[in-house]
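Undergrad: Each protein sequence line maps, in turn, to chains A and B.
For the first sequence, position 15 (counting from the first letter as 1) is numbered 15 according to this note's numbering, and the numbering increases by one without interruption.
Converting from the second sequence to this note's numbering requires adding 1000 to each position, the first position being numbered 1.
Honestly, I wouldn't trust all of these hints.
[Unchecked claim] Below, in silico cross-link-like pairs of lysine-lysine (DSBU-like), each with a Cα-Cα straight-line distance of 35 Å or less:
#1 A:K230 to B:K1029
#2 B:K1440 to A:K25
#3 B:K1108 to B:K1150
#4 B:K1042 to B:K1161
#5 A:K3 to B:K1444
#6 B:K1108 to A:K245
#7 B:K1405 to A:K90
#8 A:K3 to A:K185
#9 A:K230 to B:K1025
#10 B:K1444 to B:K1377
#11 A:K185 to B:K1108
#12 B:K1109 to A:K185
#13 B:K1377 to A:K103
#14 B:K1440 to A:K134
#15 A:K230 to B:K1440
#16 A:K103 to B:K1305
#17 A:K245 to B:K1441
#18 A:K134 to B:K1109
#19 B:K1355 to B:K1405
#20 A:K245 to A:K103
#21 B:K1108 to A:K90
#22 B:K1042 to A:K90
#23 A:K185 to B:K1352
#24 B:K1161 to B:K1150
#25 B:K1305 to B:K1089
#26 B:K1352 to A:K230
#27 B:K1109 to B:K1163
#28 B:K1377 to B:K1150
#29 B:K1444 to B:K1109
#30 A:K230 to B:K1161
#31 B:K1440 to A:K185
#32 B:K1279 to A:K90
#33 A:K134 to B:K1025
#34 A:K90 to B:K1163
#35 B:K1441 to A:K103
#36 B:K1441 to A:K25
#37 A:K25 to B:K1161
#38 B:K1355 to A:K134
#39 A:K3 to A:K127
In case anyone wonders, no lab produced these hints; they're calculated from the structure.
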Amino acid sequence: MHKVLLFVPCLIDQLYPEMGVALLKLLRHFEFDVQYRSDLTCCGQPAFNAGQLTEARAVARGVVSTLCSDSLADTPVVCPSGSCTAMMRKFYPELFHGQPEEKASCAVGSRILELSEFLTRYDLLGKLRGSYQKRVAFHNSCHSARELELRTEFRALFEGIEGLELIDPSPEPVCCGFGGLFCQKFQGISEGMAITRLEMCRDTQVEEIVSNDPGCIMHMRLIADQQGFKLPIRHSIELLVDAMKIT
Amino acid sequence: MASASEHSQFIDRSEVKAADQTHRKRLLKVIASYDSVVTNQKQHQFHDWQSARETAATIKDYVLDNLPELLEQFERNATANGMQVLWAKDVADAHTLVDEILARHNIKKVVKSKSMTSEELELNEFLEHRGIETLESDLGELIVQLAHEKPYHIVTPAMHKSKEEISEIFERTLGCAPTHDAEELTGIARDHLRQVYITADLGISGANFLLADDGSILILENEGNARLTTACPRVHLAIAGIEKLLPSITDLELFLPLLATSGTGQQMTAYNSIIRGPKRPHEGDGPEVMYLILLDNGRSTIYSKPEVRASLRCIRCGACLNACPVYKTVGGHTYNTPYSGPIGAVITPHLKGMKEWGHLAYASSLCGACTDVCPVKIPLHHMLLTNRQEAHAETPSLFWSSALKLWAGAMQHRFIVDNGARAARLGMSLLQLCAPRLAKKIPKPAARSFSSWWRNNEE
């Protein structure tokens, strides 16, 4: 049995625990020995994106030290968010540049895999079999597309799902307007961006939107609700677990 | 309290524009039509767009690594070509130089071709203030000038105007009959401008590139107006940023198609002029005198900061504006600065002060679409992050910095995280009762965090 550690993003932890549970089910379905550590609260991105490196380091330092602890040092980490993965892989080395944790933070980054990377690495894509009779738009997060360079990898997640018609609403990834604290600091812009994105998805006549990032999901759900878009927006894992009838 | 005012004005303007459906739809439509030709052109004109970008970035980095030497080389060669090269440290310096030129040549009337550096200098207002009649000759620039507005976009200054609005502006300012036919509207501007070229004393232009080895300036355009602006009046003044250098005339084989493709999806712009100086003794046409003002105006500040120096690679193609979802939501005027969109948000705080303009760094979701399309590979959205670090270090927002300090403290303890969320959930329930509209803007924490679910079910 392979050991794997869950990195549960703060938004999933606090707002959408069901997404974390769905991931757990999926991993157990493939007979992983799933580990979880409750002291992994957040990757520290909100402070990093605000330019507050001291605060970002304070939070990220905890992540690095937990992930490097003896019992977990060789365990791969799976993260159901492109954004947190990008933070830990791409921005930790920058955040800890010249700090005592620099080397450890670089090592951590290479161990963390975004969901689609993880399923690819463990050769599980072919085993994602199920059925789901819907036309679904995939909203790729900017961080997974542009920081992790996962531009089309998401397609493979759904290839074995019979009946699922997967739509990519735009040739290039388009931002949902979340942007972390940006959506609070510049509410008008953020809302306008979300409306543009939601209209783009709606115009492809889909019945549902799935995404690989809880941040995008949260923001699109809020604006869809405010603006009366009748589109369910879910995490790809939730769709997979449903389609594969994993209980 | 200048900082609060630019920032809060930005927010006010952005709220208005973001809520304006007509504006958003028009902008999206105009930009989408550009997007499709740009994508097409990248594939058809370049064997490998990515390596073209890589090469262009390398050449511009070479320029930046050798900027002082190349500027001196350019000055020597341009002077030998008969150009009078002048240096301006800042806006005041440039204004003094312009004043001297106006007086020396007894200038009464000016015609201008499109120039973003002249926007930095607010040259139209400056000339108007001195009682000098000044007319823009680029169609888009003319439209916004007649409408008493600023350019909306680095490349397409009147992209926000419909044919109907343009007709109304021309009718009101030029006294012509209304028409909604684009060709007729262009004809009206053309007729009007022909007279201006002949009667103007001074032609002012920008420059797209400065060639160090050739001592010449490049002007790229589609209307022929820059040729007339620089050739008809007896004096020509070009104004260019010091970063506009290319080492050699041979670099144009890459940079001309690169700029045209990224800017407008063209193979080449319709008119590409290499100007080496004023009229030669044996030539019949052209200005008697040509000046070139090399403008610093904050560029040295950018040059001195390693984290943002690469932003000086910019060739002002406007691709990052077209790609930017923020720009597409709020439009150009919201920024209240000559350079809008991602490149504007990156350079403006360094050109005009982080204190007053730092908010532009935060007005981004950091989606990275700008970086994806930049033909000289400027890591624009990562530079916004470093700008944020600088803004926070210089003038931290009391509210956000305290909030994040508290947050960072809380995040280091699971107990506080879960109990904090529980308290927030209670607060949200209250908010839903008292202010349901506000409550809709904030997501409600789950009844139980994943962590506590795990504790109950797995441990």
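Undergrad: Give a verdict on every hint.
TA: Against the structure, the hints come out as follows:
A distance of roughly 25 Å separates the Cα atoms of A:K230 and B:K1029; the hinted pair therefore holds under the 35 Å criterion. Proposed proximity of B:K1440 and A:K25 is supported: the alpha carbons are some 31 Å apart, at most 35 Å. Distance restraint check for B:K1108 and B:K1150: the Cα-Cα separation of roughly 23 Å lies within the 35 Å cut-off, and the hinted pair is therefore satisfied. Under the criterion of a C-alpha separation no larger than 35 Å, the hint pairing B:K1042 with B:K1161 is consistent with the structure, at around 27 Å.
Of the pairs offered as hints, the one joining A:K3 and B:K1444 holds, with about 33 Å between alpha carbons and a cut-off of 35 Å not exceeded. Taking the CA atoms of B:K1108 and A:K245, the gap is about 81 Å. The hint is violated against a cut of 35 Å. Proximity of B:K1405 to A:K90 is assessed by CA-CA distance (about 23 Å); at most 35 Å being required, the pair is judged to hold. For the hint pairing A:K3 with A:K185, the CA-to-CA distance comes to about 40 Å; that exceeds 35 Å, so the pair is violated.
Distance check on the hinted pair: A:K230 and B:K1025 sit about 21 Å apart at the alpha-carbon level, within 35 Å; holds. Proposed proximity of B:K1444 and B:K1377 is contradicted: the alpha carbons are some 40 Å apart, above 35 Å. Distance hint between A:K185 and B:K1108 is unfulfilled; the C-alpha atoms sit about 48 Å from each other, more than 35 Å. Proximity of B:K1109 to A:K185 is assessed by CA-CA distance (about 46 Å); at most 35 Å being required, the pair is judged violated.
Note on B:K1377 and A:K103: the hinted pairing holds, with a Cα-Cα distance of about 28 Å set against a maximum of 35 Å. Taken as a hint, the B:K1440 and A:K134 pair is honoured in the structure, with Cα atoms around 28 Å apart against an allowance of 35 Å. Note on A:K230 and B:K1440: the hinted pairing holds, with a Cα-Cα distance of about 16 Å set against a maximum of 35 Å. Note on A:K103 and B:K1305: the hinted pairing holds, with a Cα-Cα distance of about 26 Å set against a maximum of 35 Å.
A hinted pair counts as satisfied when its Cα atoms are at most 35 Å apart, and A:K245 with B:K1441 qualifies at roughly 34 Å. With a CA separation close to 67 Å, the supplied pair A:K134 and B:K1109 exceeds the 35 Å bound. Between B:K1355 and B:K1405 the CA atoms are separated by roughly 21 Å; this keeps the pair inside 35 Å, and the hint holds. Between the alpha carbons of A:K245 and A:K103 the distance comes to roughly 42 Å, so the proposed pair goes past 35 Å and is violated.
For the given pair, B:K1108 sits about 57 Å from A:K90 by alpha-carbon distance, which is inconsistent with the 35 Å threshold. As the CA atoms of B:K1042 and A:K90 are separated by approximately 29 Å, the hinted pair is consistent with the 35 Å bound. The straight-line distance between the Cα atoms of A:K185 and B:K1352 is roughly 22 Å, inside the 35 Å bound, and the hint therefore holds. Distance check on the hinted pair: B:K1161 and B:K1150 sit about 12 Å apart at the alpha-carbon level, within 35 Å; holds.
Of the pairs offered as hints, the one joining B:K1305 and B:K1089 holds, with about 18 Å between alpha carbons and a cut-off of 35 Å not exceeded. Distance hint between B:K1352 and A:K230 is unfulfilled; the C-alpha atoms sit about 45 Å from each other, more than 35 Å. Distance check on the hinted pair: B:K1109 and B:K1163 sit about 29 Å apart at the alpha-carbon level, within 35 Å; holds. Using a Cα cut-off of 35 Å, the hinted pair B:K1377 and B:K1150 holds, with the two alpha carbons roughly 28 Å apart.
Taking the CA atoms of B:K1444 and B:K1109, the gap is about 63 Å. The hint is violated against a cut of 35 Å. A distance of roughly 34 Å separates the Cα atoms of A:K230 and B:K1161; the hinted pair therefore holds under the 35 Å criterion. This hinted pair checks out: B:K1440 and A:K185 have alpha carbons roughly 16 Å apart, not beyond 35 Å. Only pairs whose Cα atoms come within 35 Å are accepted, and B:K1279 paired with A:K90 is rejected, the gap being roughly 55 Å.
Between the alpha carbons of A:K134 and B:K1025 the distance comes to roughly 29 Å, so the proposed pair stays at or under 35 Å and holds. Distance restraint check for A:K90 and B:K1163: the Cα-Cα separation of roughly 47 Å exceeds the 35 Å cut-off, and the hinted pair is therefore not satisfied. For a cut-off of 35 Å, the pair hint linking B:K1441 to A:K103 is broken: about 40 Å separates their Cα positions. Among the hinted pairs, B:K1441 with A:K25 is consistent with the structure: their alpha-carbon atoms are about 31 Å apart, no more than 35 Å.
For a cut-off of 35 Å, the pair hint linking A:K25 to B:K1161 is broken: about 54 Å separates their Cα positions. Restraint check: the Cα-Cα separation between B:K1355 and A:K134 comes to about 51 Å, which exceeds 35 Å; the hinted pair is violated. Restraint check for A:K3 and A:K127: satisfied, since their Cα atoms lie roughly 19 Å apart, inside the 35 Å limit.
The earlier numbered hints that this structure contradicts are 6, 8, 10, 11, 12, 18, 20, 21, 26, 29, 32, 34, 35, 37, 38.
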